[in-house]
Amino acid sequence: MHDSHEFKIPFGPQHPALKEPEGFSIALKGEKIMGVEVRLGYNHRGIEKACESKTYIQAMYLVERVCGICSHSHSTCFIQAVEEIAGLVVPKRALYLRTLVGELERIHSHLLWLGVAGHEIGFDTLLMYSWRDREVVMDILAKITGNRVNYGMNTIGGVRRDIFPLDAQAVLKDVDILEERTKYYIELALKETTIIKRLSGVGVVSHEDAIKLGAVGPTARASGIARDTRKDDPYAAYGELKFDVITSDKNDVYGRTIVRVLELMESYKIIRQVIQNLPEGPITVKAPRKIPAGEAISRYEAPRGEDVHYVKSNGTEKPERVKMRAPTLANVQAVKHMLKDRYLADMPIVIAAIDPCFSCTDRLIWVEDVNSKKYDVMNWGTLHAYSVDWHRQHGINFSKLNQELAKKMERA
Amino acid sequence: MVSTFFYILVFPGFLFLSLFSLAAEFLDRRIYARLQNRVGPPWFQPFADFIKLLGKEDVVPCEANAFMFTIAPLVSLTAAVTAFIYIPLWQIQPLCSFQGDLIVVLYLLTIPTLAFFIGGWYSTSLFARLGSVRSITQLFAYEVPLFMSVLSSAMLAGTWALKDVMAFYHQHPAYSLFNIVGFGVALIALLAKLEKAPFDIPEAETEIVAGCFTEYSGRLFAFLKLTLNIEMIVGCSLIAAVFLPFGLGLGPVLGFFVYVAKILFVVFLLALARTVFARMRIDQMINFCWKYMVPLMLIQLFFNLIIKQFLS
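These protein sequence lines map, in sequence, to chains A and B.
Each residue of the first sequence is one higher than the one before, counting from 1 in our numbering.
Each residue of the second sequence is one higher than the one before, counting from 1001 in our numbering.
Calculated directly from the structure, the hints in this document are not laboratory data.
Owing to the predicted nature of the structure, the values given are computational and were not obtained by experimental measurement.
Hints are not guaranteed to be accurate.
Pairs of lysine to aspartate or glutamate residues, derived as EDC-like cross-links and limited to a Cα-Cα distance of at most 16 Å, are as follows [unchecked claim]: (1) 8(A) <-> 341(A); (2) 32(A) <-> 1283(B); (3) 269(A) <-> 174(A); (4) 183(A) <-> 266(A); (5) 340(A) <-> 209(A); (6) 29(A) <-> 1283(B); (7) 29(A) <-> 341(A); (8) 92(A) <-> 162(A); (9) 29(A) <-> 6(A); (10) 143(A) <-> 167(A); (11) 143(A) <-> 162(A); (12) 312(A) <-> 48(A); (13) 1196(B) <-> 124(A); (14) 197(A) <-> 1283(B); (15) 19(A) <-> 1205(B).
Each pair of labels, with its calculated beta carbon distance range [to be verified]: (16) 1045(B) <-> 380(A): 51 to 57 Å; (17) 65(A) <-> 1037(B): 29 to 35 Å; (18) 1057(B) <-> 369(A): 33 to 39 Å; (19) 1057(B) <-> 320(A): 54 to 60 Å; (20) 1045(B) <-> 279(A): 52 to 58 Å; (21) 390(A) <-> 1042(B): 51 to 57 Å; (22) 1261(B) <-> 196(A): 33 to 39 Å; (23) 143(A) <-> 1106(B): 57 to 63 Å.
Some chain A residues flagged as far from chain B (calculated, every beta-carbon gap over 12 Å) [said to hold, decoys possible]: (24) 36; (25) 139; (26) 179; (27) 231; (28) 250; (29) 273; (30) 278; (31) 281; (32) 374.
The C-beta atom is built at its ideal place from N, Cα and C for all residues, glycine as well.
Build the full structure now, drawing on both the sequences and the hints.
Spelled out as C-alpha cells, the structure:
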C-alpha cells in the first residue's frame, strides 16, 4: 500500500456495520477517506405502486410496513392526508392516543439508536444497557396496541383501540423508570471520556450547510436548526401540549447524541401530559369507503425527522397516487458531506448518526448496464408489456388466467 | 527426557495451557456478559466453539498465498506456547531459564501479531489488509511501553532472567509496590496486544469486518482464536510473574491455586476495561501510547534508577 496509492473498499451492500443493504464505495488513502459514493436502491419494494392497487384501509396497513421502527409515523402521516381529503374531523381522544403511540415510538427508536451508536464505536456495553431499557417501552407498546412493532393502531377517522385507565397508570409508572435510566445516559453522554473522544468533531455539518443540504430531524437540530414539525406545523395533539425543541450547536455526532437523549426527556413530558389530559369521547368517526377526489400533503415528525406523504385520490376506493419521502432521504445527502477528510473508523458512526433507514428511503431503482453505462427509463405501460413479453419468452402465459379471472369478476 | 516432554506437552505445557486458556476465555466472556447485564455463555461454550470450528472446512481464498495463509496461525500458536515455557508460574524456577529470557519472552509474544499481519496481508482481502496494517501500526505503539514497563521492573531487580526477577521480588515483596505504574501500563499494553476493546481497532467489526481474520475459517480460524486465548494466558502470566510476585514457595498444590487466582484477577481487570471503554481510533490510540504511556514509563524508569541507588 504505497502512500500515494488510493484504493477503494466496498462498504456494503453486505457489511456488519449496516443493518440494511446499502452500497457505499469508499476511496481510501491509508486510513483517510478521500471520497464516498452512495448507491441506494437495494431495498426497493414498490410500495408506492402497490398502494395504488389497494383500498385506502389496505394501503394504510401496507404503508405501516414501510419501516419497522417508525411504522406508526408512516401510517399516521398517510391517514392524515386521507382524512384531510375526506374532510373527516378526527375525535380529540383519538388524536391524543395517536400522539401517545407516536411518542412511545420515538422513545423506542431513540433508545435503539443509542445502542446502535454504541455498537458502531465499539462500546457494546451501551448497546446492551439501552436495549435492555428499550424492552420497557416495547412492553408498554404491546400493552396498549397489542404489538411490539407495526402497532396497527390507526384507522381512517381515528384509532382502533382505546386505552384502559389501568394501562394508563402502568404507562406512567414505566415512564418514571425510563426517565431514571435516561438521566443516567445523559450523564454518561456528558461525562464518559471515550464516548466524547470518539464522537465530538466527527461528521461535522455546519449550520449553513445543514440548511443548504435540507437536513431534517435530530441531524438538523444538532446543527442548531430548530426544525421540528411538531412545533412548526402541529398535527395530532401537539398543538395543545407543552414541550421544547431540543437543539445543539455542536454540529457533530456528539451533538446528535445529546439532542436524541434530551429529546427522550421531552417525550416523557409529552406522554405525562397526554395521559393526564386525555379527553373523553369516541375514538373514531365513520369514514367513507370512497374518498372524494382531491390531493393532500401531510407532514409528520418521525423519530428520524420530517416524514412527508402525498396522496391523490380520484373518488374511488383506491388512491390514484401515493408518494412518501422518508426522513433518511433528506439526510443522506448530508452524509457525503460529513465524511469528507475523515477517517475510516468514523465511517460507521457517521452513517449511523443520521439514524438511517434505507428500506424506508428506497422509492426508485435505477439499473445501469455496468459495461455500456446505458440505462432505460420505462413508463408503466412499457414495463407491463416488457414483463408480459419476458414471461411469454420463458413459457409462462398469464393471458388465459387473466381471462378466467375477468369472467369470474363479471359473474360476481 | 520423557518428563521434559510431559512438562512441555501436557502439564504445565501445551495441553494444560490450551484448556486453561479456553476456561479463561469462558470467564472473560462471562464476566463481560454479567457486567453488561447479560447471562453470558455456558462454561463449555469456548470448547464447543473450538471443536465445532475444527470440524469445519478450511477455505483458502484463490488469490491468497496458500502457504503464508496456512502457516501464519501455526507460527503464531507455536510462538505463544514457546513463550510460556520461560515464564515462572507457581515456583521460582520455570521450565527453562537462562540469562536474558525476559527479552526472549517479550520477543516471542510479538511474533503472533506479526503472524497475524502476514496472514492478513497474504489473504489479499481488502478488509484483511487494512486490518493487518492497523495491527502492525498498533504494534509499534504499544510494544514500547510494554517493554519499558517489564524491563523497568527487571532493572530494579538487576537481572534479565525472569527467574531472578521473581526471586528478587519474592525476597522483598514490598519492592513490587514501586512498579505499580508499570503494572497499569503493562495491563493497558496487554489489552492492545490481545486486540481487545478499547484497542480492538485491527478487528473493528463495524469498520473492517474482522480485520486480518476476515478470510480465515475452519481449523485455521480455530487455531487463531486459540492463539489469542493462549496469548492472553501467557501475557497474564508474565504480568503476574513480574508485578504480582506473591504466594511463591507455597508448595505445588496451594501455589497452583494462587497462580490461577492471580491469572483470573488479571483476566477480570481486562474484562472490566473491555466493558467500560469505547473503541479508540487508531490515531487516538497511537497518540495515547506515545503521549501518555511512554512518558509515564520514562518517569518510572528514572524512578527505579534512583530507588536502585538507594537500595544498594
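Here is what the structure says about each hint:
no. : hint                           : result
1   : 8(A) <-> 341(A)                : holds (15 Å)
2   : 32(A) <-> 1283(B)              : holds (11 Å)
3   : 269(A) <-> 174(A)              : holds (13 Å)
4   : 183(A) <-> 266(A)              : holds (12 Å)
5   : 340(A) <-> 209(A)              : holds (13 Å)
6   : 29(A) <-> 1283(B)              : holds (14 Å)
7   : 29(A) <-> 341(A)               : holds (10 Å)
8   : 92(A) <-> 162(A)               : holds (12 Å)
9   : 29(A) <-> 6(A)                 : holds (5 Å)
10  : 143(A) <-> 167(A)              : holds (7 Å)
11  : 143(A) <-> 162(A)              : holds (11 Å)
12  : 312(A) <-> 48(A)               : holds (12 Å)
13  : 1196(B) <-> 124(A)             : holds (12 Å)
14  : 197(A) <-> 1283(B)             : holds (12 Å)
15  : 19(A) <-> 1205(B)              : holds (13 Å)
16  : 1045(B) <-> 380(A): 51 to 57 Å : holds (55 Å)
17  : 65(A) <-> 1037(B): 29 to 35 Å  : holds (32 Å)
18  : 1057(B) <-> 369(A): 33 to 39 Å : holds (36 Å)
19  : 1057(B) <-> 320(A): 54 to 60 Å : holds (55 Å)
20  : 1045(B) <-> 279(A): 52 to 58 Å : holds (55 Å)
21  : 390(A) <-> 1042(B): 51 to 57 Å : holds (53 Å)
22  : 1261(B) <-> 196(A): 33 to 39 Å : holds (36 Å)
23  : 143(A) <-> 1106(B): 57 to 63 Å : holds (59 Å)
24  : 36                             : holds (14 Å)
25  : 139                            : holds (17 Å)
26  : 179                            : holds (19 Å)
27  : 231                            : holds (33 Å)
28  : 250                            : holds (18 Å)
29  : 273                            : holds (31 Å)
30  : 278                            : holds (34 Å)
31  : 281                            : holds (43 Å)
32  : 374                            : holds (29 Å)
Violated hints are absent here; each numbered hint is respected by the structure.
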